[in-house]
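Residue numbers (the working numbering), protein chains in the order written: chain A, 1 to 331; chain B, 1 to 331; chain C, 1 to 331; chain D, 1 to 331; chain E, 1 to 331; chain F, 1 to 331.
These are computed hints drawn from the structure, not numbers from a lab. It is possible that some hints are incorrect.
No distinction is drawn between identical chains; accordingly, a pair holds when it is met within one copy or between any pair of copies.
[Stated by the list, open to error] Pairs of lysine-lysine, BS3-like flavour, derived with a Cα cap of 25 angstroms:
#	residue 1	residue 2
1	LYS259	LYS280
2	LYS60	LYS314
3	LYS209	LYS259
4	LYS259	LYS81
Everything numeric in this text was worked out from a predicted model, so none of it was measured.
6 protein chains.
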Amino acid sequence: MILPARELLEYYRGPASDIYFQRAHATLAGEGLDPVVAMEYFPDRPGVLCGINQVLDLLKDALGAGAEVWALGEGERMDAKEVVLRVRARYSEFGVLETATLGIMASCSGWATRAGEVVAAAAGTRVISFGARHVHPLVGPVMEYAAVVGGCSGCATPLGAQLAGLPAPSGTMPHAMILIFGDTVAAGEAFDRHMAPDVLRIVLVDTFKDEVEESLRVAAAMQDRLRGVRLDTPWERGRVTVELVKEVRARLDLAGHPKVGIFVSGGMNIERVRQFVEAKAPVDSFGVGMEIASAPPIGFTADIKEVDGQPRTKRGRIPGLADNPRLSRVI
Amino acid sequence: MILPARELLEYYRGPASDIYFQRAHATLAGEGLDPVVAMEYFPDRPGVLCGINQVLDLLKDALGAGAEVWALGEGERMDAKEVVLRVRARYSEFGVLETATLGIMASCSGWATRAGEVVAAAAGTRVISFGARHVHPLVGPVMEYAAVVGGCSGCATPLGAQLAGLPAPSGTMPHAMILIFGDTVAAGEAFDRHMAPDVLRIVLVDTFKDEVEESLRVAAAMQDRLRGVRLDTPWERGRVTVELVKEVRARLDLAGHPKVGIFVSGGMNIERVRQFVEAKAPVDSFGVGMEIASAPPIGFTADIKEVDGQPRTKRGRIPGLADNPRLSRVI
Amino acid sequence: MILPARELLEYYRGPASDIYFQRAHATLAGEGLDPVVAMEYFPDRPGVLCGINQVLDLLKDALGAGAEVWALGEGERMDAKEVVLRVRARYSEFGVLETATLGIMASCSGWATRAGEVVAAAAGTRVISFGARHVHPLVGPVMEYAAVVGGCSGCATPLGAQLAGLPAPSGTMPHAMILIFGDTVAAGEAFDRHMAPDVLRIVLVDTFKDEVEESLRVAAAMQDRLRGVRLDTPWERGRVTVELVKEVRARLDLAGHPKVGIFVSGGMNIERVRQFVEAKAPVDSFGVGMEIASAPPIGFTADIKEVDGQPRTKRGRIPGLADNPRLSRVI
Amino acid sequence: MILPARELLEYYRGPASDIYFQRAHATLAGEGLDPVVAMEYFPDRPGVLCGINQVLDLLKDALGAGAEVWALGEGERMDAKEVVLRVRARYSEFGVLETATLGIMASCSGWATRAGEVVAAAAGTRVISFGARHVHPLVGPVMEYAAVVGGCSGCATPLGAQLAGLPAPSGTMPHAMILIFGDTVAAGEAFDRHMAPDVLRIVLVDTFKDEVEESLRVAAAMQDRLRGVRLDTPWERGRVTVELVKEVRARLDLAGHPKVGIFVSGGMNIERVRQFVEAKAPVDSFGVGMEIASAPPIGFTADIKEVDGQPRTKRGRIPGLADNPRLSRVI
Amino acid sequence: MILPARELLEYYRGPASDIYFQRAHATLAGEGLDPVVAMEYFPDRPGVLCGINQVLDLLKDALGAGAEVWALGEGERMDAKEVVLRVRARYSEFGVLETATLGIMASCSGWATRAGEVVAAAAGTRVISFGARHVHPLVGPVMEYAAVVGGCSGCATPLGAQLAGLPAPSGTMPHAMILIFGDTVAAGEAFDRHMAPDVLRIVLVDTFKDEVEESLRVAAAMQDRLRGVRLDTPWERGRVTVELVKEVRARLDLAGHPKVGIFVSGGMNIERVRQFVEAKAPVDSFGVGMEIASAPPIGFTADIKEVDGQPRTKRGRIPGLADNPRLSRVI
Amino acid sequence: MILPARELLEYYRGPASDIYFQRAHATLAGEGLDPVVAMEYFPDRPGVLCGINQVLDLLKDALGAGAEVWALGEGERMDAKEVVLRVRARYSEFGVLETATLGIMASCSGWATRAGEVVAAAAGTRVISFGARHVHPLVGPVMEYAAVVGGCSGCATPLGAQLAGLPAPSGTMPHAMILIFGDTVAAGEAFDRHMAPDVLRIVLVDTFKDEVEESLRVAAAMQDRLRGVRLDTPWERGRVTVELVKEVRARLDLAGHPKVGIFVSGGMNIERVRQFVEAKAPVDSFGVGMEIASAPPIGFTADIKEVDGQPRTKRGRIPGLADNPRLSRVI
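Isolated chain A (complex conformation) (with noise of 0.2 angstroms):
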């Protein structure tokens, strides 16, 4: 990711590990005590698990010989209350870990969970990332990489993609970029000028002149070269509407351009993705971020289960190890 495997291990060990995990870890020392314990991970609600795959590249490099891990799948679903995880080492070898093993589970599937309900309401309909801009840049690509786990077709930032294995990023073109031409034909135009073969010639209709309009001028410049044109009406002028996304539609059929595909966004959410898809709206894609970037996180809990072999647990807490049939011996 944005480190080296080792030097992000140190990272979190140390400046970002709750303090009280090392101040165990030096008592326990201080007294010479390191039993073998066995340890157990589970969400607080039911969710899509993410971030696992960085937690168990975390542990291989962090545990000894002898110790054995089980856990389930990246991207699979899991209960609320469900073991997803379970490490049975010496204590002294993961301890400390536990506020970034947690911490990864917790913002990953709280992401790919959220993105997995989008992705469901759209009903097969493509669903974009688009809201790295709405969380710190140091987990923008994080979070794109889980909206992808989650269902997402596609993402907007280089490494988000790089980490969730697609081929590039997706993007069209900004509000900017067409202010700064100051007008919005003249913007595609060079735009399809200047960019590789690749790149889908999308454009944003909405800056200056009624959608509709706008829509049938530049499919009438770009012609075939138009693959779409992107609807992100301001909530000023009302969000784009189901019947907006018809009228264009039906005014580029007219214009006899059936080919070029519409893409939504701009404050969609679940309840307006859904709509747009049960009132059948002609849509070829939607754009999705702060519903996305905003899910909250996940909470996870990591428990002590035994200690030397006995079950042995806190209060409230059943001892011995929990029986999940899903889980797999991955260490």
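For this one, chain A is given, so just place chains B, C, D, E and F on it according to the hints.
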């Protein structure tokens, strides 16, 4: 932070930037267009502005001579739609940083705003950020920094404390350590033996026994060396309640330990903090995690308002600079 | 109105009267019964009394010598159950007019009351009645008369304006006319050529192009001859919004047309009017249609309270005349 | 109706028409423009279409040779946005009739739709329209006509009955008549003496005494000549209730009057009708007034969809004719 | 009450006591344990304390020399969790009375609290308890006593009145008596013949005829001997309404009976009483039954707070005596 | 019950009877009127009929020769308004018992109905009535009898158990006893020493220590003599939760005590019982108190329907006997 400034700038310009800004750059460069533009940044809801310092550090590195920047200060209140940052510069110098700029302010302001609400609810009782485990560790310390900007008195990660300018991170001991010892008193005494003098002796008292009984046992064993007890009762046992706090306080006092403080954690949110404060529960400090960590980002928007000194903007917005006398010229 | 007074009275006594009043007349006549009765009329909810003048015109034609009538004035506020009209006369002279008397006050007071609420919400901005198309044309002008009694500044039909004592009806131009011209500027200029000087030049600007663009085109073409633009954005495009009005205002001002007014119509109801007023949208007048036209009638009841000078009434009512010092003797 | 057809057409074209249609006519005439346009009319919510016959009568008088009209039939169900009328003609022939055309369908369809809902709730029990007193008498009979189109079995005004093709209006006797007699039995017997044989002897029984006692008195006096009793208990006495109806029925039966029917009126709305039906109250017919009379109009819109054979329409609508196979060619 | 004090004490100690208190007694006796304990009693919600006098009577009989008791007074307001009774005595003397002690206060305080709310709603108009028929007759008079403690002016049972220290119970005549007479006037006159002079002549007027008609008949027949009429209209006829009361009042006054009072009963609850008071209905007194009778008991708890002079209590409570300066030493 | 039948009858006829029934008796006697009447009794809402046996016992003592009585059986379901009791006898024999008759059925049916709902929610797990302390002790055992009629498996007072025909009351040990011992294990062992063999050894485990720890200590000390543990965690500690029950079960099983049952009490209501059942908490029985004790009475009404063989009743009711084939002739 996690990377040197120069590497961070490159990361933000490339792998972490929405691809369409990079495509716009290429198109404009291809046409030889690079006007001076004025761009204004504003949030979609009110809150505490946070992250602006990181943003200004970036802009100082990125902008060329002649650029002008106005901003509100880190930690200031901002209204919905209020311009908090204005940049007037050649577009090529900062256009591609829009993803990073917006994302830094979005996440940080979301966390700081929520933290401010928790701190207000606590009405003077200290609030410590304990939520690093609920966000991806690449931003855990950043979240804690924002929590302190929003009003928290301490945080749990070393890097978080360093970013926030605190002398040290805060922390007691985890359940895992007590479970390994098998007895709370034994764990407390070992902790006392091995920690530096400046580490507060606060013992977690809900692992094996009733909290009242354990508090009295620990206080009897550690006497004046005990600074406090931490209550973190799990939800399976009804979480920490106002009445439990009052009972522990009364029993410690009856047993001659009036100076032993009570630290409350576990699912504390604004509503629960308010309830404890209203019921005058004798709490010395609250540990708050998920409530702050799960704060949704605040959406920020960047709009071009002038191009080459002329008012110009997109449909739905008012051309020309917004009037905000609170802005200060910072570059 | 639509018929001479004498024909109207016959219409109300016969074809438009509930048959059972006619049967009661025949029965009483057959028995030779025709006492002087006092009948009181009251509404079932509070509002603005309207239609009383039409009712008094009828009664003047219908009642014989010795009859007495008390009433509140046209346009006065009335409370629920307040007596607004009292007739003391031989029953044969006015009993059969009960259907017409109640019906006139029911419809007119319903419309006037709702209009009064709209006007109150507009807080000083002019409101024009545009709803004749939403009621049967036999009463369209009557509805508009009632809207003006309730506080509207103008109305759209010639007969409505005449009944209300206004110098002229209000009106701009329909979408149909612009569609036939095929261009808004062409339509506006033709309108200007053919209208008398006292007709305000207000051009509808949402037919073909974005409202802002069209407003600027029209203003550029017509210059000082343009009195205003009308925004009537259809719901498929998000209706007229506060922000659209502010944007049109700002762009007209930037382009040097500060005297061109903005007239808003299209689904304006009390809630939307209030929202525009609270947001200080720079509206010059509102056109309101369905909100007033669909006002439910106010139910009126007529009760005999005395027969031949003795208190008498039906179960559920208090015998004898009600005390209402606001009533004036009008016949 | 109230006026000869020719006078009505002139009234609709002038005094009752929104002035801006007249101004559009003048402008278009001034420019020599009079294309053939196709205009489509549709409602904003579903319901029962009513008034189309009045509209077609107007159009027959107004349109010239070559005009084409398609429509749904009087009383047919219509969907929201479904085209119910299409006119293709020179605009000058019918443009100015838009106010009247829409208004007739708006009011009539609103009343018919609500009446249909009441009739459905009555589940087979007869519903009589009694609400002429709640609307302006210029449209009272029209409202009753629409109520019958919507499903009512009878109505109260002679003209309403005539428009609806009913043999006679329905009606019993008003409280006023009984109050003048001073005794219900005396009033009933006088009614019986003076009415033609085809008038049903239905006596109102709540004026002076308890409804049950009065029903038994009237039945004893009039024996087989009594067709029914009408219950119209005022709200001050709890209105007519299911239990009152059952008690009257039981007491009439006990007293040997099983053929005397029970007619219920007074504040009957859909909810109350449904409640009576569900409770199996032995009601012979319901008199319904305000519930139907206060039905809000259904908003209708007329859109030009073609000009001189070319698809053309305003922003927000789809150009070209809508596809509705339910339409029939009527002119 | 229903049993001599000594028998009542034995009944409470044995057949009516939860068996586990008796088993605790046997166990403690078997071990020779009988410490002096301090037990405190408190309610779970605020209200009017009632039953404490019955409890103190019991304790006086049960406690030995040296026992100490503190209490609030009968009819005093109490807060949630406020100690209302404290007993310091040997446990064997009163432990087994816990069921009775709590139960007496629970039921009585529930009834008195609800009665107080009804009386407050009546705002000065007298409220009579009529609800003995809605509770088991073993406690019917106790309920009525509590209702008077809570503020009622009278009650219906002789024992209730005696317990409450009232000179006599209140009552008019039941429907059954009038039904047997077959005529209300006949029943009223017979009642007048046979009742002692101190019994108020209040006649129930809704059995056979309309309430207004019957009121006038009774007043005409009994003249000055009639003290009042009682309205108890059944719900099938819409219950007593504000309007009915006003109509009866107006008609009695018109007929020259201004001194005949109006007594209202039948489903009167707090909401309905409040509605009558707000509407200024001329009611002389309200009869309230189910509203008071169905008041839920207030839960009381008894906690040991000291054993042999040492603070001791169970988990969840604070050891040692609570501080309540409102308590008075009563034994 | 608490009094011999003859004394009870006199108590019900006099001190506990609404005085107006006694006045009616005196009036009717003064007039020499004593017809045979048929009176029918019905509830105002559905439920479980209870108390009818007590009522029939009273009637058997009160009615003379020739009287006829029909009734539903104790514990049967009854519908709203369904006749559950019909008495045909001289009015003087039973009229004055109306207060007692209605009151017995009101309270008992209220309790039985609520108990039935709790038992249904428990879905097969035993429910024990523990609520005598929440009602006046004069009716505590009656309430428990009704709870058993409604479906409870046991109750806590000796008289309640006797009335219900149970072999013995149910009970464990109160907190007071354990507090006096100062240790739960000591208390449990003493209990075991002094109780008869048929008393179940169930030890309350929440007084001093954590419930799990105390359960394990008690089980270790008493071994096979321990039948169960009772959880009654106070609300200050979060009440008993599903998770606590599961944890106690798991820890007892791990420690080799699978036969020790778990008894749950403390604020158990229908909703909480249902929640435990749905979560499959391993509960052996529920102790339910306030939920049943606070059930509102079911209002009963008695109506005369015949006098001397002729149908007669008051306004609002149908004269003559109701048809209810479920009634059986019982006297």
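Results for each hint:
In the homo-oligomer, the alpha carbons of LYS259 and LYS280 lie at most 25 angstroms apart inside one protomer (18 angstroms), although the nearest pairing across protomers, at 44 angstroms, exceeds that limit. Taking the shortest Cα distances, LYS60 and LYS314 never come within 25 angstroms of each other, neither inside one copy (27 angstroms) nor across copies (50 angstroms). Proximity of LYS209 to LYS259 under the C-alpha cut-off of 25 angstroms is found in both arrangements, the shortest distances being 22 angstroms within a copy and 24 angstroms between copies. Taking the shortest alpha-carbon separations for LYS259 and LYS81, neither the intra-copy value of 48 angstroms nor the inter-copy value of 28 angstroms comes in at or below 25 angstroms.
Going down the numbered hints, you'll see the structure goes against 2 and 4, while the others check out.
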